[in-house]
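S.K.: Whole structure, please, built from the sequences with the hints as guidance.
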Amino acid sequence: MNGKESFLQREGTRSVLASLLSIVIGLAFGALAILIVGLLSADLGLESAWEGIRLIFGGLFSTGRGAAGELSWGFNGQNIGNMLFRATPLIMTGLSVAMAYKTGLFNIGAPGQYLIGTLTSLAIALGIPAGTLPGWLVWVLAFCGAMLAGALWGAIPGALKAFLNINEVIACIMTNWIAANFVTWMFSISNFKNVAENTKSSYIYKTTYGLVNGAYVSGEGIATAKLGLDRLFPGSQVNGGILIAVVFAIVVHVMMSKTTFGYELKACGANRHAARYAGIADRRNIVLSMAIAGSLSAGGAALYWLSGNTEFFWSTYQALPAIGFNGIPVALLAVCNPIGVIFTAIFMSMLTVSGLQLTNLTAYNEYITDVIISVIVYLSAFSLVIKLWLGRRRPVPPKLGAEPPSTPSQSAADAKDEKGGDAE
Amino acid sequence: MTFLIQQTLLYAVPLMIVALAGVFAERSGIINLALEGIMIFGAFIGVLFVRIMQGTAWISAAKRANAYGTLQLFEVLAMLTAALFGAIFSLLLSFASINLRADQTIGGTALNLMAPALALFFIRLIANQNTLYIDGDSPSWFMIKKAMFGYGRGENMSWLGETFINKMYLATYVCLLVFAVLSILLYKTRFGLRLRACGENPQAADSLGINVHRMRYAGTTISGALAGMGGFVYALTTANCTSNGDVAGFGFLALAVMIFGNWKPLNIAGASVLFGLFKCIAAAYSSIDINGDGVYLLREIGINENVYRMLPYVITLIVLAFTSKSSRAPKAEGQPYDKGQR
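In the order they appear, the protein sequences are chains P and Z. Letter by letter, the first sequence follows residues 29 to 452 of our numbering. Letter by letter, the second sequence follows residues 4 to 345 of our numbering.
The set of hints was computed from the structure by calculation and includes no laboratory data. Please read all numbers here as calculations on a predicted model, not as lab measurements. Glycine included, C-beta positions come from ideal geometry on N, C-alpha and C. Honestly, I wouldn't trust all of these hints.
What the hints assert, rightly or not - Over the 10 Å line for every Cβ pair with chain P, so calculated as not near, a few chain Z residues:
hint, residue
1, I55
2, R67
3, T84
4, T112
5, N115
6, L121
7, I137
8, F145
9, G157
10, L173
11, R193
12, Y220
13, N265
14, L269
15, N270
16, L320
Unchecked claim - Among the chain Z residues that face chain P by a calculated CB cut under 7 Å, a handful are:
hint, residue
17, A68
18, A99
19, N102
20, L103
21, T108
22, G110
23, L116
24, M117
25, F124
26, D138
27, K170
28, A251
29, F255
M.R.: Next comes the structure, spelled out in structure tokens:
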């Protein structure tokens, strides 16, 4: 490996370039959609389309509109703080999907695991009467409880895959919807429904509410420590959860890349039968991978809902939480690298924040950012083709091209190859 | 009883047609996880079509004159439009998974994310809210009524008529017909045999001169058309012809129906009636009087409605657990076809 040419042909470089290309094409698609809609619509026009496009790319640094009605730009602590807050659960679900993908499993069950984490963390946080235990202990119990419940829930499709050879994608889809209905059921018969604020229906109390003499009182509950981040980004919802999520990313990275346990998990993903032949307990490892993935998703839910400034809409049986599904693009963009997940999750939440600015300041709406995300996921489905295209100046076709990445297990094998490429 | 049968049919038929959509894709070797997304897209296009068309002179005149035939034709046109756009949307999946040999699970997930985003982006621009309504009470003018057959207000059709004709939709029966025709196509024609061969052993099919890529395109395109149409039928018959970027997980439920029905049309029809019944009970369990004796049996049993909603998925998982050894899932589903492996 020497010189400029070999730099382009390295797997790591090409993976990053392929991801960047997906992002650029996705953003360009969003901008194009805005432009076309602006030109076709009588009351929008080119001027507002241009504003929309600038907000898509730089919405994070938008500070609203100036006196003359023009868009103004600058440091916006609220936007950046909210971006970090929204990134917190995304890092966790992204880690969940990435970690499972590295072990050959496509964890489309993140939304269900996220819901189970939501149920458990809220039930523990709201169920313990205020004052019986110190607040920090309640927080830790709720967080750990959520992770444990998520691990059990994630282990279900894992066990079905390990012992009965049922495709984990199908099993995960089924458990997702079982979770959606189960969570609605549990909350519908619980006493956590917000009745203190009459204008709201189907919402659960924020965790800042605490149980005092059988009634919920605001300010008696728990909330994630802010750790001074609220002073750094005034007016935003950010809290210490983002640091916890980053620590988890590092832990997962170390576990997957530096320990025997991680190596065994990956070996099962690359080739289950070869791993068993080498003396690795493949069934146990598949169940464990899914359990860890489930606990990460559920932990993300706990970090989000225990923050104390979010309210859960409990009637979830008709739709699954988007944060769970968005773990998939976060993981794929990061090529399932746990450290990369931190950055792609922040990028995704930056898009969300930009989308909200778009809704607030123009006639367009935040759903264009969902379109952009979906285009990026679509492109990442054939990132292999992009990678081949990037490296096609090489005289001999790369060996990666010999095997199409059809099933998740084969894709995970590719992910392993990419790591090998990094080390060269 | 009439109510129960009608409601079950209304829920079961979209499930049935979308599950068949899944069968066509999987039998040709492509996993179509995007059923939910294509349904959402089809529902959006169909409702948008009705919304645009109802302002035209043709439809307004028909509405004023109570020209039932024209309005029923309009309904079928809306179904066809939804099917057409569902097919076009599914080309995204075909292109990625057939030409670019991409991961079909991820491609399908992308479409599932894309459809609600696109639908909601445009709905918000068009209607300035998150639900696309159409003027007036369109389901009522798409609904088949006894007045169309000359019955007066007080007159009763026979039990059969009251159950299967009055207050039903033509769309339901069109779907049943399409289901029957396409099932025969899949099992009794040369085309169907070739399509299924591509899902079982594409290498062998190719060696006999069948164009695997073209067959897979055919499978996913039919699948997209059926799912798009099913999405609109769902929106029309159970959501008052509105679209809000959501079909309440029907696409995934259809996937469950397909697996529960073991990829076979007759079993799928049975499974969708069973799951439709659960949906119907969950939606209205407290007001169903099964045999008309004034006893609300289901309410008295007192099982939470969420249990009924959960049951189809639980049953599917259990069935999967017991039948995973004898599953009739197409052998080559999910694998991109590579000529070099022949």
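S.K.: Are the hints correct? Go through all of them and say.
M.R.: Quick rundown of the hints versus the structure:
1. I55: 14 Å, holds
2. R67: R67(Z) clear of chain P: closest Cβ-Cβ about 29 Å, beyond 10 Å.
3. T84: 20 Å, holds
4. T112: Violated: least Cβ distance 6 Å, not greater than 10 Å.
5. N115: 8 Å, violated
6. L121: 6 Å, violated
7. I137: Per Cβ check, I137(Z) is outside 10 Å of chain P; nearest 20 Å; holds.
8. F145: 24 Å, holds
9. G157: The claim holds: G157(Z) sits with its nearest Cβ about 39 Å from chain P, beyond 10 Å.
10. L173: 27 Å, holds
11. R193: 28 Å, holds
12. Y220: Given that every Cβ of chain P is farther than 10 Å from that of Y220(Z), nearest at about 16 Å, it holds.
13. N265: 13 Å, holds
14. L269: Correct as stated: the minimum Cβ-Cβ distance to chain P is 21 Å, above 10 Å.
15. N270: 17 Å, holds
16. L320: 5 Å, violated
17. A68: Not OK, violated: A68(Z) not within 7 Å of chain P, min 33 Å.
18. A99: Given a least distance of 5 Å, the restraint on A99(Z) holds.
19. N102: Violated, about 9 Å.
20. L103: 4 Å, holds
21. T108: 5 Å, holds
22. G110: 4 Å, holds
23. L116: Constraint on L116(Z) satisfied, holds at 4 Å.
24. M117: Since chain P brings a Cβ to about 4 Å from M117(Z), closer than 7 Å, the hint holds.
25. F124: With Cβ-Cβ at 4 Å, under 7 Å, it holds.
26. D138: 20 Å, violated
27. K170: Because about 25 Å separates K170(Z) from the closest Cβ in chain P, which is outside the 7 Å limit, the hint is violated.
28. A251: With a closest approach of 4 Å, the A251(Z) hint holds.
29. F255: 5 Å, holds
Hints 4, 5, 6, 16, 17, 19, 26 and 27 from the earlier list are contradicted by this structure; the remaining hints agree with it.
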